[in-house]
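*Asks:* What follows is each chain in one-letter form.
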Amino acid sequence: MPTEFTPIAALVGGLLIGAAVLVLFHTLGRIAGISGMISGAFRKATPGAERAWRFAFLGGLLLGPVMANQLSGQSLIQASPASLPVLVFAGLAVGLGTGMANGCTSGHGVCGVSRLSPRSVVATGVFMAFGFLTASIGRHLVGG
Amino acid sequence: MNLAKVLSALAAGVLFGAGLALAGMTNPHKVLNFLDVTRHWDPSLALVMGAAIPVSALTFWLARRRGRPLFGPRFWLPTSRALERPLWIGSALFGIGWGLGGYCPGPAVASLTQPGPGLLGFLAAMGAGLLLSGRAAKLVAHQA
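As they're listed, the protein sequences go chains X and A. So the first sequence is numbered by this note's numbering: it starts at 121 and just counts up by one. So the second sequence is numbered by this note's numbering: it starts at 5 and just counts up by one.
Because the hints were derived from the structure by calculation, they are not lab data. The beta-carbon is built from N, C-alpha and C at its ideal position, and this holds for glycine as well. Hints should not be assumed to be uniformly reliable.
Once the Cα atoms are required to be at most 20 Å apart in a straight line, the calculated SDA-like pairs of lysine to any residue come out as [what the hints assert, rightly or not]:
| id | chain 1 | residue 1 | chain 2 | residue 2 |
| --- | --- | --- | --- | --- |
| 1 | A | K142 | X | F175 |
| 2 | X | K164 | A | L136 |
| 3 | A | K142 | A | W92 |
| 4 | A | K142 | X | R163 |
| 5 | X | K164 | A | R89 |
| 6 | A | K142 | A | E88 |
| 7 | A | K142 | X | G160 |
| 8 | A | K142 | A | A132 |
| 9 | X | K164 | X | F175 |
| 10 | A | K142 | A | R85 |
| 11 | X | K164 | A | R139 |
| 12 | A | K142 | A | A86 |
| 13 | X | K164 | A | A128 |
| 14 | A | K142 | A | G131 |
| 15 | X | K164 | A | G138 |
| 16 | A | K142 | A | S84 |
| 17 | A | K142 | A | P73 |
| 18 | X | K164 | A | L135 |
| 19 | X | K164 | A | A132 |
The calculated label-pair distances, taken between Cβ atoms and stated as ranges, are [unchecked claim]:
| id | chain 1 | residue 1 | chain 2 | residue 2 | range |
| --- | --- | --- | --- | --- | --- |
| 20 | A | G131 | X | A169 | 21 to 27 Å |
| 21 | A | L62 | X | L191 | 22 to 28 Å |
| 22 | A | A8 | X | G245 | 26 to 32 Å |
| 23 | X | S192 | A | N6 | 14 to 20 Å |
| 24 | A | L136 | X | G245 | 22 to 28 Å |
| 25 | A | L143 | X | I128 | 41 to 47 Å |
| 26 | A | W65 | X | R163 | 27 to 33 Å |
| 27 | A | A145 | X | A169 | 30 to 36 Å |
| 28 | X | G245 | A | L66 | 22 to 28 Å |
| 29 | A | K142 | X | Q190 | 41 to 47 Å |
| 30 | A | T117 | X | G245 | 31 to 37 Å |
| 31 | X | L204 | A | R85 | 21 to 27 Å |
| 32 | A | R139 | X | G258 | 46 to 52 Å |
Produce the complete structure using the sequences and hints provided.
*Replies:* In structure tokens form, the structure reads like this:
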């Protein structure tokens, strides 16, 4: 399905994501990396107080789009066009991959790249390259 | 449990979620149209990172001028600079999963208020992947 180029919304959204990074780092001293946040929230070894703020962040992550929907009057949340088996495979790859690499689009792609961390620059280059290759070529082969 | 910490994390989560939604990242069609350059290419998402990264850079620059965050004892930053095998392989796997479904971890969680079978299948598999990722990382790290 074609989508429109939305430069202003993209820039505003990006600024808000940046603002979230700023708030979390300057209040709690933590990096806003989502895959790490999920692992930390559900890991047994995480102490209660450390678990609480992670769940609060994840709760906010659910609340944010609902508020954005209200403000913009649009349905900003859409379902993926990929089939259920493809999405299950994709989810497994994303979970395994971000866990092995200790970060995803947020922790490596935004926070790490902005600090010029060599690990994050490598991770971001690799996942962007494989993302482009998969969506441009691979996805059409599996009929997605 | 510290209320200030929980409220700060909640605020950061709301900003992050609203940013993702406004940016179009909770619409996998838009993500896939960015990653797939062969069809209806939509470059919007490049601007999301283009706006988020400078604010994130400012965050870490400002943090260097203060000793500790408002509600925590210290700043937590990853210190490892090792470019080991799980980082490369994990990021490649993540890119493949992202390019297939159009979901990375943040937008997938942020879409949970409008769950469908595809999203739930993706998230369940992602959780399983995260759980197994430690073992997978050890496995690939030890291969010669």
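*Asks:* Please go over all the hints and tell whether each is borne out by the structure.
*Replies:* Here is how each hint holds up against the structure:
Restraint check: the Cα-Cα separation between K142 of chain A and F175 of chain X comes to about 28 Å, which exceeds 20 Å; the hinted pair is violated. Taken as a hint, the K164 of chain X and L136 of chain A pair is honoured in the structure, with Cα atoms around 14 Å apart against an allowance of 20 Å. A C-alpha spacing of about 13 Å is found between K142 of chain A and W92 of chain A, which places the hinted pair at or below 20 Å, so the restraint holds. In summary, the hint linking K142 of chain A to R163 of chain X is supported, as the alpha carbons are separated by about 18 Å, within the 20 Å threshold.
Note on K164 of chain X and R89 of chain A: the hinted pairing is violated, with a Cα-Cα distance of about 27 Å set against a maximum of 20 Å. Annotation: proposed proximity of K142 of chain A to E88 of chain A holds, straight-line Cα distance about 11 Å (limit 20 Å). Proximity of K142 of chain A to G160 of chain X is assessed by CA-CA distance (about 19 Å); at most 20 Å being required, the pair is judged to hold. Only pairs whose Cα atoms come within 20 Å are accepted, and K142 of chain A paired with A132 of chain A is accepted, the gap being roughly 16 Å.
Note on K164 of chain X and F175 of chain X: the hinted pairing holds, with a Cα-Cα distance of about 14 Å set against a maximum of 20 Å. Simply put, K142 of chain A and R85 of chain A have alpha-carbon atoms about 18 Å apart, close enough for the 20 Å limit, and the pair holds. A distance of roughly 16 Å separates the Cα atoms of K164 of chain X and R139 of chain A; the hinted pair therefore holds under the 20 Å criterion. Of the pairs offered as hints, the one joining K142 of chain A and A86 of chain A holds, with about 15 Å between alpha carbons and a cut-off of 20 Å not exceeded.
Under the criterion of a C-alpha separation no larger than 20 Å, the hint pairing K164 of chain X with A128 of chain A is consistent with the structure, at around 18 Å. With a C-alpha separation of about 18 Å, the suggested pairing of K142 of chain A with G131 of chain A holds against the 20 Å cut-off. For a cut-off of 20 Å, the pair hint linking K164 of chain X to G138 of chain A stands: about 14 Å separates their Cα positions. With a CA separation close to 16 Å, the supplied pair K142 of chain A and S84 of chain A stays within the 20 Å bound.
Pair hint K142 of chain A plus P73 of chain A does not hold up; C-alpha atoms about 34 Å apart against a cutoff of 20 Å. As the CA atoms of K164 of chain X and L135 of chain A are separated by approximately 11 Å, the hinted pair is consistent with the 20 Å bound. Annotation: proposed proximity of K164 of chain X to A132 of chain A holds, straight-line Cα distance about 15 Å (limit 20 Å). Checking the proposed 21 to 27 Å range against G131 of chain A and A169 of chain X shows it holds: the Cβ atoms sit about 23 Å from each other.
Range check, L62 of chain A to L191 of chain X: about 25 Å between beta-carbon atoms, so the 22 to 28 Å window is met. A C-beta distance of roughly 38 Å is found between A8 of chain A and G245 of chain X, which places it outside the suggested range of 26 to 32 Å. One distance hint, 14 to 20 Å for the beta-carbon pair S192 of chain X and N6 of chain A, is violated here, with the actual separation near 33 Å. Taking the beta carbon of each, L136 of chain A and G245 of chain X are about 25 Å apart, inside 22 to 28 Å as hinted.
A beta carbon spacing of about 45 Å between L143 of chain A and I128 of chain X agrees with the range 41 to 47 Å that was offered as a hint. About 31 Å separates the C-beta atoms of W65 of chain A and R163 of chain X, a value consistent with the hinted range of 27 to 33 Å. Checked against the hint of 30 to 36 Å, the pair A145 of chain A and A169 of chain X passes, with Cβ atoms roughly 32 Å apart. A beta carbon spacing of about 27 Å between G245 of chain X and L66 of chain A agrees with the range 22 to 28 Å that was offered as a hint.
Distance hint for K142 of chain A and Q190 of chain X: a CB-CB separation of about 45 Å, consistent with the stated range 41 to 47 Å. In this structure the supplied range 31 to 37 Å holds for T117 of chain A paired with G245 of chain X, their Cβ-Cβ distance being about 33 Å. Between L204 of chain X and R85 of chain A the beta carbon distance is about 40 Å. The supplied range of 21 to 27 Å is therefore violated. The supplied range of 46 to 52 Å is broken by R139 of chain A and G258 of chain X, whose beta-carbon atoms lie about 26 Å from each other.
Violation of the numbered hints given earlier is confined to hints 1, 5, 17, 22, 23, 31, 32; the remaining hints are satisfied by the structure.
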